[in-house]
Each structure stands twice: as structure tokens, then as C-alpha cells.
Amino acid sequence: MTAPFHSLRLLALFALLACCDTTQLAAATQAAEQAFFRKEVVPLLAKRCFKCHGGKQVKGGLRLTNRAAILKGGESGPSVNLEHFQESLLWNAVTYQELEMPPAGKLTAGELAILRRWLSTGLAWDQSAVDAASVQPDSPPVDALARQFWSFQPVQRPALPKLASTPWSENPIDRYVMARLTAAGLTPAPPADPATLLRRIHYDLTGLPPSPEQVERFLAAPSPKAYEGVIDELLASEHYGERWARHWLDLVRYAESNSYERDGPKPNVWRFRDYVIRAFNQDMPYDQFILEQLAGDELPGRTADQLIATGYHRLGIWQDEPVDRKQELYEDIDDLVRTTSEVFLGLRIGCARCHDHKLDPIPQRDYYRFAAFFSGINRYGIRGADTVARFSLRDIASDEQRKQQQVAIAAHAKEVQQVNRQISDLEKLVYDDFSPVEKENFRDESLKLQIVKKRTGKQITKAQFQQYSDYKEQQKKLKRFKPPALDQALCITEIGNQPRQMHVLMRGNAHAPGDTVEPGFPEVLSFDDPTIPETTKNAKTSGRRLALARWIIRKDNPLTARVMANRIWQHHFGRGLVRSPNDFGYSGSRPTHPQLLDWLAAELVAGKWRLKRLHKLILLSRTYQMSSRDTPAHRAQDPGNNLLWRFEMRRLSAEELRDSILSVAGNLNLKKYGPSIFPLIDQEVLAGQSVPGSHWRPSTAKEQARRSIYIHTKRSLIVPLIAAFDGAETDNSCPLRFATTQPTQALETLNGQFLNRQAATFANTVRKQGKQAQEQVQFALWRGLQRPPQLDEVQRGVRLLQTLSKQYELSADKALEYFCLLVLNMNEFVYLD
Amino acid sequence: MNREKLPSTQSFCGRTRREFLWQTGGGFTGTALAGMLETDGFLTRQATAADGKTPFVNPLAPRPPQRVAQAKSVIFLFMYGGPSHIDTFDYKPTMKGMDNKTVSVKTFGRGGRRNQGRIVEPRWNFQQYGDCGKWVSDLFPHLSTCVDDITFLHSMTADSPIHGSAMLMMNSGKIISGSPCLGSWVNYGLGTVNQNLPGFVVMLDPRGGPISGAKNWSSGYMPAVYQATVMRSKGNAILNLAPPQGMSISVQRKLLDTLREYNVKHRLQRIENSNLAARIASYELAYKMQEHAPEAVDLASETAETRRLYGLDQPKTSIVARQCLLARRLVERGVRFVQVYSGGNHGDSNWDAHADLKTNHDMHAAETDQPIAALLKDLKRRGLLDETLVVWGGEFGRQPTAEYARGTGRDHNSYGFTMWMAGGGLPGGTSIGETDELGSAAITEPLHVKHLHATILHKMGIDPNGLTYFYAGLDHKLVGVEGAEPITQLL
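So the sequences go chain by chain: A and B.
If you use this note's numbering, the first sequence corresponds to residues 1 to 833, in order.
If you use this note's numbering, the second sequence corresponds to residues 834 to 1324, in order.
The set of hints was computed from the structure by calculation and includes no laboratory data.
Nothing here was measured: the structure is a model prediction, and the numbers come from that model.
Where hints are given, some of them may not hold.
Straight-line distance between alpha carbons at most 30 Å, and here's what the computed DSBU-like set of lysine-lysine pairs gives [what the hints assert, rightly or not]:
(1) 806(A) with 929(B)
(2) 1121(B) with 814(A)
(3) 1087(B) with 768(A)
(4) 106(A) with 1213(B)
(5) 939(B) with 1191(B)
(6) 72(A) with 47(A)
(7) 929(B) with 771(A)
(8) 939(B) with 806(A)
(9) 358(A) with 414(A)
(10) 1087(B) with 771(A)
(11) 1098(B) with 806(A)
(12) 358(A) with 1007(B)
(13) 439(A) with 403(A)
(14) 448(A) with 476(A)
(15) 1067(B) with 1213(B)
(16) 477(A) with 453(A)
(17) 439(A) with 454(A)
(18) 162(A) with 608(A)
(19) 702(A) with 768(A)
(20) 1007(B) with 326(A)
(21) 1007(B) with 59(A)
(22) 702(A) with 482(A)
(23) 326(A) with 1098(B)
(24) 1098(B) with 768(A)
(25) 1007(B) with 51(A)
(26) 612(A) with 671(A)
(27) 414(A) with 428(A)
(28) 1087(B) with 47(A)
(29) 814(A) with 1098(B)
(30) 428(A) with 476(A)
(31) 1087(B) with 814(A)
(32) 428(A) with 479(A)
(33) 939(B) with 929(B)
(34) 414(A) with 448(A)
(35) 225(A) with 162(A)
(36) 477(A) with 458(A)
(37) 358(A) with 47(A)
(38) 482(A) with 453(A)
(39) 477(A) with 448(A)
Kindly generate the complete structure, drawing on both the sequences and the hints.
In C-alpha cells form, the structure reads like this:
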């Protein structure tokens, strides 16, 4: 700081000696001081002062963004004394003689030197420099320019780039990718080898490794046709839904408990998970998928599945003991506004809850107009299971099931009646013999048998007592095994056909309602406000959510198809063409390949919103089949691989990792659907619960070995392996998983009970393949890496087994178990090329 | 398509840098990015892993604080359930003789809002202690001897008088579930200087965790690397820290060496992928953690005098004593943030004195008084108190009036309560803020939880309004979007 200070002084001195003209001198000094002001003072003020003394409202009435305002000062009086700067309030404040500004910490000596010079040389000023530095980004206006933003423009199928004379591929995707590569002077990587490609596509479509047989079959004749056959086979496999549903569940903040103090389970929530898996497996058109989740209950002739789909609204956190009940309703609505706008539209409307969006052209009014679509909802519950049942559970039984249940209930009741009569007849024989105390005790169910028993051989025979005892047992059973309740769906309900009036809430405060608003779409997208059909008198809902859903799925909605096409791309390539999949606004990333994205979006709609068709288009591209190998020259030019000159390696997700471990160990239970499972969690982890072990009773070993998508997701007790490997954050929409690397993961996979148990099972599976160490290692590597192992790799394993048994005196079984554990820890096991 | 007047992305949230990392990593790979991007020393964090060869980008690598830090570590003694301030440190002499009198007073607890209530006179006598003459109740015969090192905050307020949300607020700054905790923010901002130990440690009451369990030490929307590690005071200190039964360290070493050979070969053709190198290094770090963490929790080297000082030899105090002693050992070894829970489970297993105030507080004070006083004394005599910030308090305080028609139970009170801090260069022997004459609400210099958080970050050398984490389109801060200044008197 001192160097420019001195040199400028010298410059001023030089000017003085050179011209000796006071006017010129003054001008030169002024210019120097102004330059100094722009260069040094403005950044300092902006950094340390403007936050409190530069915005719309300033603290202590002092504004530092205007020279006159500084001289006028704030509540404590004028802040600068131009004659004697050391008597300035501002100077005293920054030197901590009084007021002590800035309060967060004293300025450095260098910073003080800057202010000293500025204050002592007449408070040079340059308003435009100050304005440029102090302007907080104002909320962007909704105007013609905003409407031209790329993602707000209608999707138009772009023309295909011209083919080169020797084309790489005619696939439209490849043409878009190649066009950009060529322009940058880059070339695509060669095709991945068949084993790599097979592994890639198996994980991609099913989240599971290929079996050794599948690998052998493909490697025997790895033709493009065989590859296409694999794609078709995997897309038809039910494991496809189990993999791709997980992506969707991440987005819609799927979890099976409510968070907060009780973190109680959400009844029947697993049906929503099953619904999503089935929707993917059946290739449900995406527009239908949206309609059913947002407004399945409002669809004419709605089915049970469509009601289950509206469980979408019930997946979030639920505060059953709110500080402020009124505000809490708007927290719930906010959850729906944020999730819905981010997931289906890639818009962060939630940022406009308290004020106009700071980054996107979304005024606060837009937030509340969007919130108005949900203003009729019942909360998830008020407090307690009965209120949850009242607001969020509805029967979904068919007439047939209902009839069957009535028959079963009647039969059960009859049986109960008969047993009770027999019991009371027998009790009549003995009751009069009871002492008053016995009569009192006889009210207690658990004491009855022994009280009656005392009368055996007196008022009743031994046989009669036996009868009594049998009837009591039967009575107990009947109580326990009632006819099963009718199936229920966790779903949305509304307060009636008249929703609450929505207001703009000042600063998001439920107690400060402003203007009333009606349902409407974000203004910048220029759609007419919806006309919501009149509801019938008996209607249970307002019909608003259906209006919203119908707008979202309109073909001319510029966001819906783009956002979904980008997600499909994201999960095939590890990242979207738009890197911020939930944010297509100003602050989101721009697409790396805008035309390709629009082409994919157009294809999605043209293909009647079916996803499997789009998957296949992508998977058949050469872009998808490229090797992930490095080309240093390309990397130097495009280190981020933004132009897609190679495929990106990726680590398995937490669920893929756990499922692979089970699968490779030969232990995976492929049972599908139904209530969730509870894997064993160590006591150390359960100790973190306020009542250790509550709501967590481990399932049978066989059930525990099911795929991870069936694990009960308890918000305050995530299964450690899933948490350690970056499972989805559950309280908000999770569009993108982390892929961290940490030593605690290694502790989990080296020392954890799950891994060690699976390694033991793996060793058993391996042992069945042969007795020789050579065969065992060979098979374990085959299975773990899904490729034929190389000779040196086998030898290394065999050497390890030998060392472990000879040098460390381990049994052959134990040594093999440890080798299997090692395989499950290999980088190649955890990473995909 | 880009409009001229679009807010500059660089200026708002350093997005360009973030995108760079996203793009190079193919996703967020756990590299922390504080708001002070220009000073984050990204390249200097490419430390070398334990094996001396493999470069390892560690998100927990230490980062220099933004300003001179007064404290290097925090020990947060969480009195879960909410201790009664007027029965502990907030002396209310005028309540004497008012027992059972009905007064007009606004209260809000789990029993809802009330405008009047029956006074429960503080059940313990108060005496003055130290040079500062601080009034402390008879609940704390040991802590009362430390008052000259303590700064009391008598005017604390919080947004919720309900455990679930109030706990989240004290730990994460928000009453809504899903945000990272204070300890996560500290580690995100500063990293940890000892790579062989976790940077954020939580120790629980053996009776159970606090309600909402792991949400109280979760990293929320940040990567899991910033969440706390639960450390047990008995048995294996950290989950999975020891090799499985039957596997000796030397066998494990042999396995790791072979694993490494496989991984190195695999990496040969993927040499540019730093994630693979990081994963190789992470096994070496894990191995070192196995070696070092047990030493950190082994109290064998502590003298008999130290053990006695903490109360390790008495059944009543032994658990908290062990935890406090461990806390000292951990901060000595560079752990950034240690949280110790006194109280767990529900009801009287924690400070939540709804029924019999006397029984409840007698029990919990007796368990904690001596160990906590010993912690302050021990830190001080070792010269560690200056660089360790000790924070004491619950999620809220308790009401001056009775919860029920009979009995001495007090309901929750978030309108005014007491917390205290010691060390970290704080003057000690001082008290800030006041509640009214009944202790029902803060009246002078009211402080909010976010001011407490801002002060803690500030003491650690972090600008509470500058430490941001980009998530869901916003630069989030522990102290909220509007920010909060540290408590001025403590700077």
C-alpha cells in the first residue's frame, strides 16, 4: 500500500517543481487523488463499509456512497472534518477511538493508511466508481430482454450439423458433439473396449454389475448388434426401474420419516417408491408421470396408483410441534413450491419467497402466485397419527378387496363372539367363589388363568380348565390376527373445493399478508393465467394443482422437456449438459451443447415423452461408447472435458456400491417391491438416537440382503455405508450427488461389519468354484471386476494367500476371506471407466 | 442470448471457480469452497498423503483463518434439555419469598402461550464468587470457583421453545431441518490440523442421544466429510476404527500393501484422475487414524491428580469427567470442534425439568459441575484456555413460573436464557445482558443464537458474514442470509 502512496506523492511533487502553476498543480493533484480514490479507496469502502452504509437502508443514518451524505453524516453528526481530518468522526471510528467501525474487526494498518490519505487530502470523489462498486445486484426485471434468455425461449428442433466427408457417426447426438470438437480442433476418444462398455451400460441402466456369464457371452462376440441387444435386454429388465427410480427419488426428497423430534415413519410411503419404480419400468410417458404426481387425485376416474403418486406432496419434512402454526402451513407450501419448481421446471422460485429473486427475473409476486396452486392443501397432519390418517391417508382397495374384507371381518367377529361365549360360560361356574380381591384382580387379563386354575377339581373339572385355557389362547390369537386393514395410500388432500386466499407475504411472514394473488405462472414465461374450471359442490379439491400440472406438461412450456432431457443426459454421462440440473435460470450454468440439448428435448416430446426411447438414442451414440482414457493434448486444451472428447470416469453411488457388494458376494436378494427393509446398524450409531434403536428393528438376514432402494430411509438415521458414500440429502431436492473421498470410507469398507460379513459370503461363493488358490483368485477377480483378470493380477493374489497362510499362519479359508475383502476395496471395483 | 445487465456471476458467488471444480471433478468431489475463494490456497492444499508419494486433495486440509484467530478449537458443552437460568447463573433476588404467587408474565413453552403463572422461587441459594463477585447458585460449588474466567451471556434468545427445532437452531442456526451444524461450518472454513483425527467430534450421554439424533451433528447440504464423528468414551472410540476381530494390524498392513499394488496398476493408465490417487491415499490415512485415535482417547498417561481433578474416580461424575478429559486431549491434538452432550434420551434423563426441578437439576449439576470446572482449570494451567473457546448452555432456558398446578417443574423458555463462554481470549469475570426481574425475557442487550454463532466463528478467525456455501442457488451462511455481527463486547 505504501509504494503507490509514495510514488504518487513524488509525482505530485514533480508536478509542482515542473510547472509551478497553481491551477495546473491543483488539477494534477486532484487527478492523482481521484485515481487513488478509484483504485484504493472505493474497493476498501465497498469491502468494509457499504454493507451497512451503502444499501437501501443504512445503519445509524450514515450513507457512505455519496460525498454530500458523508459530509452531512448520520445520527452521530457530520462524519468528516475537511479541515482537521483527525477530528473526523469517521477517522475516530475506524481507529477504534469511538464507535469502533467496522464492528467485525479493525481495519489493517494498510487500510487505515488509505483512509488517512483520502481524508487528509480533501475527500476526493468519483460517483460513477462508487456506484459501480456499491450497486447490489438489483432484482432482474421481467422485460423483453429477460424473455429472450435461452431457457425461456421455446424449444425448437435445431438443424443438424453438416457431416464431414468421412463422418464419425451419423447419429444426431454424435453430429452435435463432433461439430464442437472439430471446431476446437479436438478428436473423440476411441471406442471403449467391450468389457468396459458392458460394465458401463449395466451399471448405468440397472445399477448392478454384469454377471460373469453376461460378460463371457458379450465378450465372445461383441458386435454393435450384440451391444444393441444388451441395451434392449437391460431396458426391459425390472432392475432398470430400480436404478432410475433412485434418481427420481433423490429429486423429490424421498424419505420415509418426518425429521424433527419424533422423526416418525410415514405410513405407506413405500408405495410411492414402488409406484416410481413401476412407472420407469412401464415406460410411463413423462407428461403422465408429472400429472399423476402433482394432481393424480384430481384426474377424472383416478386409479389407486394415481392417488399413490400424489404422495409426492407428502415426502418432505413435517414439523408436528411448530413454534408458529400459521407460519408452518407456509413452510409446507414452500416445500412444495421449491420442490415443484426446481424438479419440473429447473427454476428456483423458492428464492423469491421474502423478496424479488436477486438473480432471476422472478418477482416475489410470482412466488405467491405459484404458491396459490397449493393453497388448498391440508398439512401432512396436525399432531399424532390420527391427524396424519385424516389428512394424508386414503383407502385404495378395490370393490372386490372391500367385499372380501367385509366377509373376513364378519367371520372374525362371529368367531370372537363364539369364543367369548364359551369363556364366559365357564367363568360363570367359578366367579361366585372369588374373594373380593380376586374379583378385583380378575379384571386383569393376565391374572385370569391362574385365578380360574385354583378352582380345578372343585367348581370345574380338569378337562373344563383345559378347555378354558384353550379358549383363552384362541381369544388372544383372534385379537392379534384381525383381518388385514384395507390398503391405504399416503396422498395429498385439500381443505375442500374452496382453497385459502393466497396473499403476498411481506418478508415471507405469514402474519404480514399483503396483496391477494390468484394462481399464475412465472411472468417471464408469458403464459396467460390459468382458468381453473369451476369445481362441483362436492369436489374435495380446488382443481388448482391439475391446472398447474397441465401447464407444466404443455408442449410449448420451454422448460419441462429441456430439464428432463438434461437429467437423462446427466445420469448417462455423470453430469448434465446444463451442470446445474435444478437451475436453468440466470444463475444456473449455460448448456455446453445448447443445440444438442434442444434436440434431445424435441425428441423427448416427439417420442410422446417416453424415456426408454431417449435412453436408447443416447446409448447407441458413439459419444456414449467412447473410452475414458486420457489424451494429454486434449486435456491441456479442455481440462473439464466440456466438449466431450472422452467419456468421464465415475465412482459408484452409495446404492450401487452396496448392491454390488451383495451381488458380487453372491448374496443379493432380488425380491422386488413392498415395505422397506432395515439393515443392521451398529450399536455405536444407534446410540445417537434419543431412544437408541427406536423405529429400527433389523429385518431378517435375507431381507437385509435386498437392493438399497428398499432400505427404510429414516431422516435422522441414515445407514452408515449409504451416508459415508454420499447418499442423497433428504430434506430438499437433491439433483446431484457428491462423490467424496475420505478416510472414514476406508474404515467403513475395511473394518465395518457389513463388508466383512459380505466378504465371508463372497469367499464361500468363490470356494465353490475350485480348491486351488489360483482358481479362487481368478474367479474372485472375475466376479469383482467383471472382466477376465490378467496373469500378474492372479499371481499377486495367489502370493498374498500364500503369505497370509505361511507367514501369518492364517487358515486358507480366512486368507481367502481377506482376499475377497480386498477385492471389494479395489479402486477398479468402485470406479467405472 | 446473454443479456448485458445480467448480474456478473463472478461478483455474486464466485461461481466461475465453482463451475471449474464441478467440471474438472465431474461433480462436487468434496473440495471445500469458502466464500473467501481468493485466499483459499487451493493449490497449497494438494498435500502429500501418508505414504509420501500419492498426492491427496483433502477437503479437511487446514486453511489459514481469514483474520487473526483467538481460538483454534471449540469445546461446546451442550446441556441438552434446557437448564434453568434463574436456578443456575442468573441471580434473581427479588423472587425470594414470591413462591406460589400468581403473577402476570408472558410465557411460551411446550404448554403453549400463557399470560400469567405461579412463581416457582429459585430452589437454590446464591452466593458471590471470584474477584468479579459473580452470583452463582449452590448447584455449582466447583464451577463457581472459575467465574473470573467465564463470560456470562444472560440475554440469550432463540426462535423456538420446542426441543426439536430449538436443538436444530442451536446447532445449525435454523429451526428447519436440513442445514449444516456449527462444527461443520468451522471445519469447512478451517479444515483440521490433525489428519489422524476427525475434525468435528460429538460425545453423547450414555442414556441416549438428543432428540432428532444425528440431525444435531449433520453436515446438512454439505458433503458428509463435514459431519461429526461420534466418539464413545468407552470401548472402540470411533465406529470401525479397529480391524475386525481376528485381523491383526500386521495382516491388515499386508492386505493394504497388496491392495495398493492393485490400485497402482489400475491407476497407471488413468494417471490424470486425482480421485483415484486420493482414494489410494485415503487408505493410508485411515490406517494412520487407527494408530493415532486410540492414543488420543487413552487416558493412561494422565496423572492421578488430573483424574481426581475431573472426578474420574467418582461414579456420579466419571462419565462427564472422561468426556471432558477427552475433549481436552482432542483439542490438544488439533481437533477443531468437540461437542459434549450432558443429558440424553427424554424426560429427566436430561435437563428438561418439567416435573421436579430440584431432583432434576441436582442430578445433572452434580454430574457436570466438577468435570467442567476441571476442564477450565486444566486447560488454563496448560496454557490451552487462550486458544480454546469453551461454550456452555442448552437449547433454551426455563420459565420462572410453574408448568402445572402443583410441583416445581418449569416449562421451556426461549425468550431469555443464559449461556456462558470461557477462553479464546475472552476477558472472563464479565456478564453481558440481562433478563427481567423474573428471568422471563431478555430486556437489555438481547442476544440471538446467531450472535453466539457469529462470535464463535469470529473467535476462530472466520468472518461470519463472509463464510458462505453455495447451495440451491444461494450463498448460504451459518448466520443466515441477512448476516449477524459478533457480540461487540467480546471482540
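Here's how the hints hold up against the structure:
no.	hint	result
1	806(A) with 929(B)	violated (79 Å)
2	1121(B) with 814(A)	holds (24 Å)
3	1087(B) with 768(A)	holds (26 Å)
4	106(A) with 1213(B)	holds (28 Å)
5	939(B) with 1191(B)	holds (24 Å)
6	72(A) with 47(A)	holds (22 Å)
7	929(B) with 771(A)	violated (84 Å)
8	939(B) with 806(A)	violated (77 Å)
9	358(A) with 414(A)	violated (68 Å)
10	1087(B) with 771(A)	holds (23 Å)
11	1098(B) with 806(A)	holds (26 Å)
12	358(A) with 1007(B)	holds (21 Å)
13	439(A) with 403(A)	violated (42 Å)
14	448(A) with 476(A)	holds (13 Å)
15	1067(B) with 1213(B)	holds (26 Å)
16	477(A) with 453(A)	holds (21 Å)
17	439(A) with 454(A)	holds (14 Å)
18	162(A) with 608(A)	holds (27 Å)
19	702(A) with 768(A)	holds (20 Å)
20	1007(B) with 326(A)	holds (18 Å)
21	1007(B) with 59(A)	holds (25 Å)
22	702(A) with 482(A)	holds (27 Å)
23	326(A) with 1098(B)	violated (61 Å)
24	1098(B) with 768(A)	holds (28 Å)
25	1007(B) with 51(A)	holds (23 Å)
26	612(A) with 671(A)	holds (23 Å)
27	414(A) with 428(A)	holds (21 Å)
28	1087(B) with 47(A)	violated (55 Å)
29	814(A) with 1098(B)	holds (25 Å)
30	428(A) with 476(A)	holds (20 Å)
31	1087(B) with 814(A)	holds (14 Å)
32	428(A) with 479(A)	holds (22 Å)
33	939(B) with 929(B)	holds (20 Å)
34	414(A) with 448(A)	holds (23 Å)
35	225(A) with 162(A)	holds (26 Å)
36	477(A) with 458(A)	holds (29 Å)
37	358(A) with 47(A)	holds (20 Å)
38	482(A) with 453(A)	holds (28 Å)
39	477(A) with 448(A)	holds (16 Å)
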